[in-house]
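Start from the sequences and build out the full structure, keeping to the hints where you can.
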Amino acid sequence: MAPSKKSSVKQSEGGNSEISYKKRINTKTELLLQSRRHANDIFDVLEYLQSEKEKEVIFAINACQKIFCALLERGDLYVGQLPSEEEMVEGDRDADEKYHIFIRHRYSNCVELLLDNIGHEVFQVKEAALTALMKFAAAEGQHPLQKLEFSNHYNFPLELILAVVRCLLSGTEDMALLISRFQEFLEMDDVRYYVMSSIRDTITRVMDRNKRAVMPVFQNNVFTLLTNITIPSQSAEINNFLIRQEGKYEDWKAAKLKEQKRAFEQTWLTFLKYKLPGNMYKKVLVILHDSILPHMNDPTLMIDFLSAAYSVGGAVSLLALNGLFVLIHQHNLDYPDFYKKLYNLLDPSVFHVKYRARFFHLANIFLSSSHLPVYLVAAFVKRLSRLALTAPPTGLLIVLPFICNLIRRHPSCRVLIHRPSAADELCNDPYVMDEEDPAKCHALESSLWELKTLQSHYHPDVAKAAKAVNQPLPGLEDDLSKLLELTTFELMERDLKSQSLAVPLEFDPAGGLLKSAKEVLGVHFSLE
Amino acid sequence: MRCKLFSSMDASLAKILLSPTTCTGSRGGWLNNAFEVKINRKKFDVLGRKSKHDVGLPGVSRSKAINKRKDTLLKEFRLKNKANKFVDRRFGEYDTKMAPEDKILQRFALERQRTQAKKDIYNLNEEEELTHYGQSLAEIEKLTDMVDSDSDSDEKGLLSAELTASNFGGGGGLLRKKRPGENDEDESQKHKSRQELIEELILKSKQEKRERQSQKEEAQELTEKLDQEWKSIQNLLVHKTPKAERMEEPEKPKLDDYDVMVRELGFEMKAQPSEKLKTPEELAKEERERLQKLEADRLKRMLGDVEENATQKQSHLSADDLNDGFILDNDDRKTLSYKDGKWNSDGGEEEGQEGEEGTGGEEEEDDEDGEDDGSGVDDEDDEEEEDEGEGGHSDLDSDQASGAEDEEEEENDEGEEEAAKAKPALSEEERKAMQEAAKAELPYTFAAPESFSDLKALLDGHSAEKQRLIVERIQKCNHPSLAAGNKAKLEKLFGFLLEYVGELAMRTPPELATVNIFIPQVYALCQLFPAAAHKVMQSLLGDSAHSMEESIEVKGRAAFPGLDMMIYLKIVALLFPTSDFRHPVTTPAFVYISQALTKCPVTSLESLSAGLVLCSLAVEFVSLSQRFVPELINFLLGLLHMAVPADTCTGTYLLVPPFKQQGKASKLLLLSDAEASNSWSRKAIPLTSVHRVTASTDLEKDHYRLSVLHTCLDLVKRCTLLYRQLPSYVQIFQPVRTLLAKHLPVQSYPSSLQELHREILEAIPETPSKHAPLVFEKKKPIPLKLLEPKIVLDYGKKRGNTKEERERERLKHKYKKEFKGALRELRKDTRFLAQAKLSDIMSRDAERKRKVKELYGSLATQEGEWKALRMKKRK
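In order, the protein sequence lines correspond to chains A and B.
At position 309 of the first sequence (counting the first as 1) the number is 309 in UniProt numbering, and the numbers step up by one without a gap.
At position 26 of the second sequence (counting the first as 1) the number is 26 in UniProt numbering, and the numbers step up by one without a gap.
Calculated from the structure, these hints are not laboratory results.
Since the structure is predicted, the reported quantities are computational estimates derived from the model, not experimental observations.
Each residue gets a CB set at the ideal place from its N, CA and C atoms; glycine is no exception.
Don't take each hint at face value.
As the list claims (entries may be wrong) - Label-pair ranges, simulated between beta-carbon atoms:
id, chain 1, residue 1, chain 2, residue 2, range
1, B, Arg758, A, Asp479, 42 to 52 Å
2, B, Lys780, A, Pro294, 28 to 38 Å
3, A, Thr227, B, Phe452, 40 to 50 Å
4, B, Ala772, A, Arg212, 58 to 68 Å
Here is the structure:
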């Protein structure tokens, strides 16, 4: 590469380089733009792009941006299939053409260097490089470097965008910050459209090269970039373009909402086609229902992904519920054994995961139908109450009213808490916890002894909530929404904030740290 | 009818009516007239009750009322619409209580004052010239002799009543009865001229004076003579008299002594009858009753019955209690030792003080007997002895020590805060000289620390016992009964003390022994200020929980709380009842433990220890109330899972977060060498292992693991005992049972562990027990609405039950009565006024009629005369 040959220049400057480099770059830029005679100075400027001092690099990037934008505007760059530099010397071209070819080569050098700089460790450099590249893209769009053919008469610097996207989707570095900077360009409809196609291209290339193995960093970058893409909701909103096309929007794909949506849909599908790391699964599922599904042309395409996720188990399944719910609810998805799977989703971790509130919110919706068979509701109730034996108080404060609500909705489930017919007969709990089929678990023949147990829970609110089953339930359902987001600290604050006048005190005088009447700690631990 | 009335009159009434003593003056008449008496018939005759209103005298009371109205209302009426009025400003004119003589005297004095006041105030020398009949009294005085001035004061310058009476007409007129015969004499004297009279009078009075003077002198002379004679004879008369005379002098002090003693006895506190000393059985019984009552209260609270009944007394006074005035004595002693240098010589007094103190203390104990338990009394005694010992010791020290110590104490005196700061500075210079003494000696007064750093400065560099002593002294010096602001100071002290305890626990290595020593102090302070104590505890718990919550929000998990929080939680259990259904401190503490047990993953040997401490605390918290703590079982299950070798582990039981079926921490309790169990012997795990496990070698680590396992199993056992009654007992412990029965490698464990293991398995039945299906609680049937009239069995008016209601009722009644009375009086007033007006008009009319009549009369006579004259003429 040309600039590297002349690398002897810069390092010797030393002390006053601070001002000098600025001056030098500025003068060179001016000279370059003044006359073709100084065309060779471009090498010096490009040299700075590789400097080790980020200030110089940034300054040089800005200079390059200025130079090449001006040159592009002047039409000083060669248009069409670019002959190599060797060919240029050989071929019989006039000086003008040679100059154009020369500048075009320097331009592609510069682009390469800038793309390298996107991988620079300093953010400012990255940012400057990115903005410079996007400026080039805009300029290129105005002054295309390819000869227009009839079939493809919408000029857009596809290669440049593709190259930028490839850099953004680095496999080794988290580009979240830069991607968020890139978002302003993604608001332009044409950029968005072509970026999406570039993403698809990149994903297939990278993943295939990696034999479909999981690539956390790369996939994370893709995910970040994808989440930054928002499709406008109406076609009228598509009017923000990087490159103005002269009145030929009707047929341009980038200007059509449907095409945009299709591109979006395909990009996501391409992304989800490959195996995802665990936490990525969760991240996708969390945003799926409100930022992906609504922007797809055909959300049912997600069924495969969602049902796969639903059968993963654990938290992932819980999250997949949300997407599934949207599909079932709005897109007529018929999911066989949905409730059975939901039933099997219930395990002790339900009460401990972060998405507890979301799960119970959805479960509440799923079980709100009054057309559900009694055995099914009873099975849910019984299983939930069994699981409640391992739940923390915040979970219990959700699940106890939840159970009561279910029994209210399905009055035939009342036998679970009130079975006067067999009041005196002692019996074993007929419920089979390990049975996967809610139809066969004999829940309806059981009673909620678990709630009886929880009546002696240590937390007064829980004990009170559990005591609700002692009396016939009042008609109105409990409001769950306030309880869903209750945190342990809030629960604690209720007691801490309460203004009680008299505080009962312990009457056994304390003689020492480990010397109380009911000492347990002191039995096993010593004061050392 | 009247006869009937009389017949109902009882004997006593008749007596009153007929008794002559009640008939006085002009009023005597009414009694004879039975028509003037109104008798209020009594419905029931209550023996021994005196009634004021059995007889009424309507006529008398009416005339009284009319008179009163005449005096007041009528006067007012007459003065109505009149601008001027006559005010009688004579002194005491309307004061009926004053005797007329007093009145006159006072008036005279006032008169004199008035005239005197008008005098020139700057004229100091000239006194008022007193005159009598225009003659200066000074002049008159000059005429009298010098002897005269010495004569008795009562006669000086005054003339005898008789003389005055005879010479000045008015003088004793009141006293003297005028005899009819005197009239003539008076008339004869009248003939003398005034000048003559006065001269005569002066002469007479001088003569009298002279006579009196001479008489007096004579009498004096005679008595003096008699005295002398008597003295000369006295020595001869009685032989023993001089001795008596001599005895008189020493006798006086003796009498004084006696007087003093009598007075002392009078002023001295009388020995009060003390309560009978109780026998040990009685004491034990009382103690038992007290505890039973407290326990009953606790049970009520546990069941959540009396949640709202906030009037909980907290009057329990412990052995360390300071609320008994005992402090005051201590304070006395404090000032005493404080002035050591000056008081040293006066040993007796000090002893006296000490003695008093002792008795005081005993009295207190007697008083407190009802509250203090036996051990408490002992403790108190011990403490007192200890204190006294300390005090005595320090006295000795101060005897020996030079003024340096005094200086130190003076410094304490000077500035309270300085004391804390100056101490270390002093120590550098002077400890070399008197190391022993200074170390043994602690200042007796301490200022209550204003901030945590103050307290730290006070306590730093002392041994644990000394620190305790310092805190105790701060407490005593700032007892709430001594000054107004002390309560707030001690409340603050509680906060600082807890903070200090936390800091001690977080030191490396933790100074738990010191913490242990502070516990009684903390307990005592908490008993004194429950409100402040619970606030401090709440804020400690809240802060820690808040930071844990933040970390959970960010990372989804948190590290186990430090040793300080464990100590705080333990202190919560010591200070507050953990069995209450809802308690402002223990309930958050429960939630805190639960939070820690569910959100803090066990990743190291230290966290094992921390988790176990929390588990033990949880078990301790619920040991009385037997409440169900799901997190506890989950956590113990998770810990036991860590001891299960990987290959046997299958999904037969479900672990609850924060534990994972697999993972790098899931084998934390696996023994590295089965041989370790042979050399293991059970001993308590040090609390410090929460921060750092000292075990370094594999063997030690294995021993540590075995200890942890032992604790774990023991806690499981305790849980099985606690929750045996729960209907879901088996379901709760099923995973534990599966794990213990099938997966735990018990064979490699020491026999004591195997024993525990067996006991637990026995405690958990394999098949669940039978239960009756749930049924709603039976409600009381709601009674049908009845159409019968409601019959209230409580006849008569419903009386207020509470004191306030009764008082209100009474006042209402009184108001009504008064109101009616006032109305009646007003009506009477108007009637009286109307009558007065009417009589005015009538009298005016009568006057007019009379005058008209007079005129007519005179006219008629005129006419008659005229006619007669005319008749005469005609004739």
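Evaluation of the provided hints:
Between Arg758(B) and Asp479(A), the C-beta spacing of about 50 Å keeps the proposed range 42 to 52 Å intact. The given range of 28 to 38 Å is broken by Lys780(B) and Pro294(A), whose C-beta atoms sit roughly 56 Å from each other. Between Thr227(A) and Phe452(B) the CB atoms are about 49 Å apart, so this pair conforms to the stated range of 40 to 50 Å. For Ala772(B) paired with Arg212(A), a C-beta distance near 59 Å keeps the hint of 58 to 68 Å intact.
The structure shown violates just one earlier hint, number 2.
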